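Starting from the known structure of chain A, fit chain B onto it as the hints suggest.
There are 2 protein chains.
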Amino acid sequence: MTSEVVDKYPSRGNASVRLIPRVDPVVYAPPPVSLLQYITAEQVAQYERDGFLVLPEVFSAEEVASFQEELDLLRNDATLRSSDGVITEPGSGDVRSVFSVHTISPLFQRLAADARLAEVARGLLDDEVYIHQSRLNYKPGFRGKEFYWHSDFETWHVEDGMPSMRALSMSITLTENNPYNGALMLMPGSHKSYAVCSGETPDEHYKASLKKQDYGVPEDELLTELQARHGLVGAIAKPGSVIIFDCNVMHGSNSNITPDPRSNVFFVYNAISNRVVEPFCHKPARPEFLGSRKHIERLVPETVE
Amino acid sequence: MTSEVVDKYPSRGNASVRLIPRVDPVVYAPPPVSLLQYITAEQVAQYERDGFLVLPEVFSAEEVASFQEELDLLRNDATLRSSDGVITEPGSGDVRSVFSVHTISPLFQRLAADARLAEVARGLLDDEVYIHQSRLNYKPGFRGKEFYWHSDFETWHVEDGMPSMRALSMSITLTENNPYNGALMLMPGSHKSYAVCSGETPDEHYKASLKKQDYGVPEDELLTELQARHGLVGAIAKPGSVIIFDCNVMHGSNSNITPDPRSNVFFVYNAISNRVVEPFCHKPARPEFLGSRKHIERLVPETVE
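Which chain is which? The protein sequence lines are A and B, in order.
Per the working numbering, the first sequence starts with residue 29, numbered consecutively.
Per the working numbering, the second sequence starts with residue 29, numbered consecutively.
Next comes chain A alone, as it looks inside the complex:
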């Protein structure tokens, strides 16, 4: 089960906990015309510098309403509820995430391929892209739990076998994200450092980590250092906005005791040239719904499974 690809970003196991420099680009080519239809050259530069970018109100109120309706359908679907790709809140049992929505919902399948998203991903990564992971996040009001600080890439690299930092996430906000309802917090510029984490990856770690992550969690001292260097900002956005963030930017969110739920639909675009190999932790790969290994040649499956 060893990978033939060199491990550019060792983490966990014997790796010593520290910040190491990113060796991959953030933006892989000067912005092509196809990208500049959707975002400006200044926004591309900002994304390169900060590791994230908020595009306000890309989708119309009608589109957001249709996404929200689909979210409610999926969230309350009794058949789905018992599937592995549906994650519930510790305690309340409320649905917190529905994974792989681009394979179970024709609407979200179309959304993943929407040029306002996919063309931007292609342009920034300078490659064809596929969906490594997709999900609906639903952080309920009153009892929404926090997501602790993490770099997505650390897990995708160690547990999924993603070789390089040539992937990005797009979060489409379905509700207002304000500072008090658990908005995404990011450390701008942190994507240029890789926080090596401690600990061995346990078997079937993903089952526990979806509720509460204990591995792939940056040490306090590294987070303190990253915040001292970069500060932190909240991604505040109206519904229908798109938060684009690099696979290695440090991010997290606090709990949400406000009555306002916070929900979004979330796609991870990976460059085709960066398709996953064997996991670098030498454990079996995580399930398909967490890191796609089957549908890596095409952005949009022809049929919904």
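For the record, the hints were derived by calculation from the structure and aren't laboratory data.
Hints are supplied without guarantee of correctness; some may be wrong.
Any copy, or any two copies together, can satisfy a pair, since identical chains are not distinguished.
[What the hints assert, rightly or not] With a Cα cut of at most 25 Å, we get these calculated SDA-like pairs of lysine to any residue:
#, residue 1, residue 2
1, Lys235, Arg171
2, Lys322, Ser94
3, Lys36, Ala313
4, Lys266, Pro207
5, Lys311, Ile132
6, Lys235, Thr203
7, Lys220, Asp288
Owing to the predicted nature of the structure, the values given are computational and were not obtained by experimental measurement.
Below, chain B without anything else, positioned relative to chain A:
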């Protein structure tokens, strides 16, 4: 153990869950000259309307440093750590609150009586005041837990026997309170409604409630209604500021995963004429460190106990 004082604000037990109007004033007299030395008539009106007021940077950096130093001493005092008045975080065991600091620390005893605080409390409540409760709150970085929505008065009334809404809290910020490190959130205007809560008060409820409150918690529907009416705001403040808030304003705070701790020192000023009687839940009163019954004649004890 029945109280001879009429229960103006029944809650829990047979009381039906709903919002009932406040029958007490918020500001008890036109602002006297002694009050206007410290806050303006406009600020008094704002406090009356919103149920809270932030006074920016009342204390100097030197004063804040001395409070912070005293906080660290108390927080790390091994003798104190085992006492009832020291509350630790579920999970980490870190000290989260130290109660009754005005009786264990000469510095905080003097601070409670400082005219910048006590004179304002006297002026707003139009009475001599005493300390019903005091505490240091220390919400650590990374793992600071949320405090769920509540009206202080509901608990002070039901469990401590405080008859009327003639008390207020002052929180002196020792660190920056920003939207992301678990700042106090308040619903401005909510202090004019009383949210009747459900459930019986269990015996020795305070022991569990200091870590996680299960009674005296407003129902979702009432919080939704209050937010719809009033919205919510965060009390954002630099160190050394004073957040004054009415005993019945609905407030809470989210978790804090940022590296920045959030700490404050907190005094509850109650009007002498509103001194506590037997608890309205007909259970034994909570311990002295949660609701003073002994030191109700004098603001500042002559000697530190």
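Comparing the hints with the structure gives:
Taking identical chains as interchangeable, the C-alpha atoms of Lys235 and Arg171 lie at most 25 Å apart whether they share a chain (21 Å) or sit on different chains (22 Å). Taking CA atoms no more than 25 Å apart as the test, Lys322 paired with Ser94 passes in neither setting, with 28 Å inside one copy and 61 Å between copies. For the identical chains of this complex, Lys36 and Ala313 are intra-copy neighbours only, at 18 Å inside a copy versus 62 Å across copies, given an alpha-carbon limit of 25 Å. With identical chains, the CA atoms of Lys266 and Pro207 are at most 25 Å apart both within one copy (12 Å) and between copies (17 Å).
Taking identical chains as interchangeable, the C-alpha atoms of Lys311 and Ile132 are never at most 25 Å apart, the minima being 27 Å within one chain and 55 Å between chains. Proximity of Lys235 and Thr203 under a CA criterion of 25 Å is satisfied in neither setting, with 28 Å inside one chain copy and 38 Å between copies. Taking the closest pair of Cα atoms, Lys220 and Asp288 come within 25 Å of each other only across two copies (22 Å); inside a single copy the shortest separation is 34 Å, beyond that limit.
Violated hints for the displayed structure, listed by number in ascending order: 2, 5 and 6.
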